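One rule links them: number in the working numbering = place in the sequence shown (from 1) + 837.
It should be emphasised that the hints constitute simulated quantities derived from the structure, not laboratory data. Here the structure is a predicted model, which means the values were calculated and not measured. Please note that a few of the clues may not be correct.
Taking lysine-lysine pairs in the DSSO-like style, the calculated list, with each CA pair at most 30 Å apart, reads [as the list claims (entries may be wrong)]: (1) K1121 <-> K1281; (2) K1152 <-> K1089; (3) K1281 <-> K970; (4) K1042 <-> K1152; (5) K941 <-> K1152; (6) K970 <-> K937; (7) K1281 <-> K945; (8) K1218 <-> K1176; (9) K970 <-> K1042.
Ranges of calculated distance between the beta carbons of each label pair, as one might list FRET restraints [unchecked claim]: (10) Q1041 <-> R963: 28 to 38 Å; (11) A923 <-> L1012: 31 to 41 Å; (12) D967 <-> D897: 16 to 26 Å; (13) G956 <-> P1273: 25 to 35 Å.
Note that the Cβ used here is the ideal one computed from N, Cα and C, for glycine as well.
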Amino acid sequence: MTHMHVAGGIHADVSSPAPLWLVKPEDGNALSENIWSSTVYRQGDGEMSIGGMKVSQLADLVGTPAYVLDEADFTERARRWTRAFADWTVFYAGKAFISKGFAKWILKAGMNLDVCTLGELTVALRAGFDPAKIGMHGNNKTVAELRLGLESQVGRIIVDSPDEIGRLEALAQELGVVAQVMVRVTTGVEAHTHEYIATAHDDQKFGFAINSGAALVAMMRCYHSPRLKLVGIHSHIGSQIFDTDGFEVAAKRTLRLFQQFREATGEQMTELDLGGGFGIAYTKEDTPTEPEELATRLREIVEHECRAYGVSVPKLSIEPGRAIVGPCGTALYRVGTTKDVDLGSGHARRYISVDGGMSDNIRPALYGAEYAAALANRASKAEVILSRVVGLHCESGDILVRDEFLPSDVQPGDLIAVPATGAYSRSMAGNYNHTPRPPVVAVKDGQVSTLIRRETIDDLLRLDVDIVEGNVK
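Using the sequences provided together with the hints, build the complete structure.
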């Protein structure tokens, strides 16, 4: 199993410009099954097809850049996760991607939903999502967020700080309700991932540390509060994790906390959420664990630790987001310019500029995330050369695909497809350089439907208010 770190080197070694994991392919038109959604293939003429629709047709219909979700792939992936974890509650993590239409997909798939902002919660409620199946996260939930959560009767609120506990108690008192809460704990696990997405070590913003005793103190405060009902513990060790080693340590430490709570109160905690963060394949070198194997391993880990501490197996839940929506997404771009750069020592690199960039996928620029790419609108017999797919923004770090072998005849007007972009692309997108965000469309059986329409310049300017005295409302 390959445990790929999500962050790559920011600057390539000129003596060896291609990273060690990137191997020059024998067939530049081949598509690695592990990184593309299940309905992606090259038709007889060499053009890529997604959901039964050629990419050139897609580009003509919705324009570029565009985020394309393979609905059949999503349905099958969701089915596998819910079946593998049939005796657990599966909370889809809305931060990976959410829209009103997509929330209905989640509901139809039989999953619960995890949200972490007022916006995500509002989207879910307006989509008709059952509030009882919603969990609320966030390290700095506002009064407005907590109020909406309580008024809509969400299933659980994961408390993250002493201030929040007090804020929630006051609101629950005002509204005359009792809030169902879980305490988010940090287990001290150093997950093998990028620093920005590791969330269980003690020195970071999330949760109550087990090691310092803060977690047990928070649990006891919630337990004794007349306006809070403590139902369990929540743990999340990070994102883009490829194995279960970190989950084993987290389970051991959280279940020891179960034991301590029982010793202090005489009562058994009823729920444990082990979080999400399960990795996906962004490049052909990534080998994520399948959901069936993950379910077996995690179940064995929890049962073993429960026996060790003499506690009953609690109601279990997980929160896969990236693992469900990430692989079903493809970003589609049109090439604008190409440029060959001499790196010296006989090495060169082809720069391929496309009509998107860091505004629609910030992950490569933010923490060096690696992606693959393919020439999508045709097959090519040309030799493949080391290439870098870059965006249109006024930043040298505006890189979408840092290293890839692409045909040497890629030219303006061609289409470039980037797989595994269903998670954290649209949800982290911005408007840098006043660039409108791309649409999100779904394809299935040769038909396309819009989940989120393309943003326009008028959309951007609608928020731009001329300076007029007294115009603040």
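If you check each hint against the structure, which ones fail? Hints 12, 13 not satisfied by this model.
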